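Using the working numbering, read the sequence shown as starting at 1 and increasing by one per residue.
The hints are simulated quantities; they were obtained by calculation from the structure and are not laboratory data. The reader is advised that the hints may include incorrect statements.
[To be verified] 27 Å max Cα-Cα, derived DSSO-like pairs, lysine-lysine: (1) Lys11 x Lys40; (2) Lys88 x Lys40; (3) Lys88 x Lys11.
[As the list claims (entries may be wrong)] Using C-beta positions, here's what the derived DEER-type ranges look like: (4) Tyr90 x Leu57: 21 to 27 Å; (5) Phe91 x Lys62: 30 to 36 Å; (6) His58 x Lys88: 17 to 23 Å.
Just so we're clear, the structure is a prediction, and the values are computed from it rather than from any experiment. Ideal Cβ positions, reconstructed from N, Cα and C, are used throughout, including at glycine.
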Amino acid sequence: MEEHMLPCMNKQLFGVECPGCGTQRAIAFLLEGEFWEAFKMFPAIYTLALLFILLGLHLLDKKRNYTKLVIASAILNGAVILIAYFIKIYFNTVTN
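Let's have the full structure, built from the sequences with the hints guiding it.
Dropping the structure here:
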């Protein structure tokens with residue numbers, strides 16, 4: 001499966017990982033049942049999954065209003081992505 005993954009264009013062009021780097025590998029780890037490895041690869045994988053579940057419910061279940069939950073989940077997901085990205089950058093600069 002790894003040979004079919006798309007490369008990060010940001011990393012190829014600029015030499016710096018983007019905030020979404022690791023998403024594909026984290027999904028692959030999830031599909032293999034490696035939950036901790038998925039989290040280590042991309043910490044926002046579980047908030048992203050929650051966001052997609054809520055978006056699916058919002059689109060399929062028209063009787064209930066999921067708008068506030070979707071917005072809150074999107075904000076939480078964005079915060080986790082940014083915090084994890086800055087932590088990754090910080091530890092990469094400290095160790096180099």
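For each hint, the structure was consulted:
1. Lys11 x Lys40: holds, 19 Å
2. Lys88 x Lys40: At roughly 11 Å apart (the allowed maximum being 27 Å), Lys40 and Lys88 satisfy the hint.
3. Lys88 x Lys11: holds, 14 Å
4. Tyr90 x Leu57: 21 to 27 Å: violated, 36 Å
5. Phe91 x Lys62: 30 to 36 Å: violated, 45 Å
6. His58 x Lys88: 17 to 23 Å: violated, 31 Å
Against the hints set out earlier in the document, violations occur for numbers 4, 5, 6.
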